[in-house]
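Engineer: These protein sequence lines map, in sequence, to chains S and W.
All letters in the first sequence, in the order written, are residues 1 to 447 by this note's numbering.
All letters in the second sequence, in the order written, are residues 1001 to 1157 by this note's numbering.
Keep in mind the hints are simulated off the structure, nothing from the lab.
Among the hints, a few may not be true.
Claimed, not checked - When the alpha-carbon atoms are kept at most 16 Å apart in a straight line, the in silico EDC-like pairs for lysine to aspartate or glutamate are as follows:
{"hint": "1", "chain 1": "S", "residue 1": "Lys54", "chain 2": "S", "residue 2": "Glu245"}
{"hint": "2", "chain 1": "S", "residue 1": "Lys280", "chain 2": "S", "residue 2": "Asp345"}
{"hint": "3", "chain 1": "W", "residue 1": "Lys1078", "chain 2": "W", "residue 2": "Glu1043"}
{"hint": "4", "chain 1": "W", "residue 1": "Lys1119", "chain 2": "S", "residue 2": "Glu363"}
{"hint": "5", "chain 1": "W", "residue 1": "Lys1009", "chain 2": "W", "residue 2": "Glu1043"}
{"hint": "6", "chain 1": "S", "residue 1": "Lys280", "chain 2": "S", "residue 2": "Asp253"}
{"hint": "7", "chain 1": "W", "residue 1": "Lys1016", "chain 2": "S", "residue 2": "Glu245"}
{"hint": "8", "chain 1": "S", "residue 1": "Lys208", "chain 2": "W", "residue 2": "Glu1056"}
{"hint": "9", "chain 1": "W", "residue 1": "Lys1148", "chain 2": "W", "residue 2": "Glu1109"}
{"hint": "10", "chain 1": "S", "residue 1": "Lys227", "chain 2": "W", "residue 2": "Asp1150"}
{"hint": "11", "chain 1": "S", "residue 1": "Lys297", "chain 2": "W", "residue 2": "Glu1036"}
{"hint": "12", "chain 1": "S", "residue 1": "Lys208", "chain 2": "W", "residue 2": "Glu1120"}
{"hint": "13", "chain 1": "W", "residue 1": "Lys1102", "chain 2": "W", "residue 2": "Glu1036"}
{"hint": "14", "chain 1": "S", "residue 1": "Lys300", "chain 2": "S", "residue 2": "Glu327"}
{"hint": "15", "chain 1": "W", "residue 1": "Lys1016", "chain 2": "S", "residue 2": "Glu346"}
{"hint": "16", "chain 1": "S", "residue 1": "Lys427", "chain 2": "S", "residue 2": "Glu317"}
{"hint": "17", "chain 1": "W", "residue 1": "Lys1119", "chain 2": "W", "residue 2": "Glu1155"}
{"hint": "18", "chain 1": "W", "residue 1": "Lys1100", "chain 2": "W", "residue 2": "Glu1056"}
{"hint": "19", "chain 1": "W", "residue 1": "Lys1009", "chain 2": "S", "residue 2": "Glu173"}
{"hint": "20", "chain 1": "S", "residue 1": "Lys280", "chain 2": "S", "residue 2": "Glu290"}
{"hint": "21", "chain 1": "S", "residue 1": "Lys297", "chain 2": "S", "residue 2": "Glu317"}
{"hint": "22", "chain 1": "W", "residue 1": "Lys1016", "chain 2": "S", "residue 2": "Glu173"}
{"hint": "23", "chain 1": "W", "residue 1": "Lys1076", "chain 2": "W", "residue 2": "Asp1011"}
{"hint": "24", "chain 1": "S", "residue 1": "Lys352", "chain 2": "W", "residue 2": "Asp1093"}
{"hint": "25", "chain 1": "W", "residue 1": "Lys1009", "chain 2": "S", "residue 2": "Glu156"}
{"hint": "26", "chain 1": "W", "residue 1": "Lys1076", "chain 2": "W", "residue 2": "Asp1113"}
{"hint": "27", "chain 1": "W", "residue 1": "Lys1016", "chain 2": "S", "residue 2": "Glu206"}
{"hint": "28", "chain 1": "S", "residue 1": "Lys54", "chain 2": "S", "residue 2": "Glu159"}
{"hint": "29", "chain 1": "S", "residue 1": "Lys297", "chain 2": "S", "residue 2": "Glu363"}
{"hint": "30", "chain 1": "W", "residue 1": "Lys1102", "chain 2": "W", "residue 2": "Asp1020"}
{"hint": "31", "chain 1": "S", "residue 1": "Lys441", "chain 2": "S", "residue 2": "Glu363"}
{"hint": "32", "chain 1": "W", "residue 1": "Lys1148", "chain 2": "W", "residue 2": "Asp1091"}
{"hint": "33", "chain 1": "S", "residue 1": "Lys352", "chain 2": "W", "residue 2": "Asp1091"}
{"hint": "34", "chain 1": "W", "residue 1": "Lys1076", "chain 2": "W", "residue 2": "Glu1061"}
{"hint": "35", "chain 1": "S", "residue 1": "Lys352", "chain 2": "S", "residue 2": "Glu374"}
{"hint": "36", "chain 1": "W", "residue 1": "Lys1076", "chain 2": "W", "residue 2": "Glu1147"}
{"hint": "37", "chain 1": "W", "residue 1": "Lys1078", "chain 2": "W", "residue 2": "Glu1056"}
To be verified - Some chain W residues close to chain S (C-beta under 7 Å, calculated; not the full set):
{"hint": "38", "residue": "Tyr1012"}
{"hint": "39", "residue": "Leu1014"}
{"hint": "40", "residue": "Lys1016"}
Computed from a prediction, not measured in an experiment: that's the story for all the values here.
Ideal Cβ positions, reconstructed from N, Cα and C, are used throughout, including at glycine.
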Amino acid sequence: MATRKAVVDKTSLHKPVVMTDLKGQTLVTLRTLTEENPASLETYIKLGGYSALKRIVTEKTKATDIITEVKTSGLRGRGGAGFPTGLKWSFMPRYFDGVKYLVCNSDEGEPGTFKDRDIIRYNPHQLIEGMAIAAYTLGARVGYNYIHGEIWQDYEIFEAALHEAKAAGYLGENILGSNFNFDLYAVHGYGAYICGEETALIESIEGKKGQPRFKPPFPASYGVFGKPTNVNNTESYTSIPWILEHGGQAFADLGVPNSGGTKLFSVSGHVEKPGNYEVKMGTPFNELLELAGGVWKGRKLKAVIPGGPSTPVMPAEAIMAATMDYEGLSKARSSLGAGSMIVMDETTCMVKALHRLSYFFYEESCGQCTPCREGTGWVYRVIDRIVNGKGKMEDLDLLTDVSNNIAGRTICALGEAAATPVLSFIKHFRPEFEYYIQHGKSMVESQ
Amino acid sequence: MLSPQAIEKIDYELTKYPADQRQAAVMSALRIVQTERGWLSKESITEIAQYLRMPEIAAMEVASFYNMYDLSPVGKYKITICTNISCMLRDSDEIVNHLKTKLGVGFNEVTPDGKFCLKEGECMGCCGGAPLMHVNNTEMHEFLTVEKVDAIIEELQ
């Protein structure tokens, strides 16, 4: 793979761009990164972009054939749940008297997750094409890409790309001279982690506070404005054009059984070169760590959260032996999540790390379900007193108990997400918690 | 009264939704008015609700639910710094302490000259560039160092 040329970055005012070396990466969703002007329509078309959409609308490919191809690809939801995309698409009602909607979830806000942002700012047209193909397949007339409010400059890049695509006939009425119509709009959040949950996101699109809906009914039957709606993650939609250009089997072959394709891994924390790395599913963790320049300052690896804090933390030995795919990480008793790897070196105090994470879930609980609203507060206050030297040994059992009483007792998955770090941190690093409680200070020297 | 410029922008947002779903534009309308006026007073929220023909309380619910809306004055420049785990691991505490000392304010306080307000933010989804901060909800500054923060503040002064 070629190394990246200079990136023209409109968003760069005072900052360098997150520059990762493209060597060792397999670019599918970020394939425009090899080019000078990655976000432009011209660049995308030069690389074969919009050819799949063109072929489909011209040949009037059957929707069932497209769904079969997506099923063959082994593509699974890249937002964290890993649900097979082709199967999800088959849940949408084929015949419906009225407007069906397509939604893209670009509301990444789980700590350590920043992959969709790079798709939006470096390869927006592939996302647009993927959504247009999905809309054609599912009969959706209108689509929304819901973008995290904090990345405003990238939201503007995406809006510009939408206007560019519409002017070129890839969106709007009679797309590419066919009788297929699809309007796609950018909408934004404004600071609420919970809106990454698909039904909270739908509420937010409707102009309400982002509180998740009870499921069922699922969005496929009752989504935006009460109409059938398909929701996928940004990276999932962006994989679609490549799948239809090269065939589902070619995508599946990039990865390993049950984990087709490539995956964008967001690597943050204690590495030399933080950033996004797109590699084949099934890549061993140590290779990914090497791409990210290894643990920074020549220090030793202590632990990694492999898929965002809603996935269990893994001690160094466990993650070093793992491969990065759905089964590889579930065998290692964690989960791929959104591929958001938070790397922690030997100087990290696990008590303080959990303290920060527990505050996040407390702050971001939407308040709708009592176990989560009250439980996340309890968890935070107990860890807070440990950090302030007022912890008691029985607090560890209390934390476990409270967490177990949040998980599984809430409308959405934020409950489990909040419980997971508590349970996994205490499980793997219990002596560190006990030391902190006994001595009123961290076991880690640098703290 | 909403300015003609704000109405023009809100009307553009309304084109994204069905005609009978004006409330859907409230997220944008609140952002547009906040950007214009600096913060969202009760009166501002009422005006937005009336324009979108939705109950005031529903607009207030949205404004108070999402972190980036400001329901009290935040000075000319609102600096929101992320302190979540990826930023914490890259020493965001050092940047926070430096900003607090330099500006002489704590979190959620405005400098006496009304120029700066410091806020603690939750994950902004840019952790590869940690530590990082936002100015006025739009301008992202990544890979912060004490020197870089000084340069940014200098420029805003």
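Engineer: Going back to the hint list, which numbers does this structure go against?
Structural biologist: Violated: hints 2, 3, 5, 7, 9, 10, 11, 12, 13, 14, 15, 17, 18, 19, 21, 23, 28, 29, 30, 31, 34, 35, 36, 37, 38, 39.
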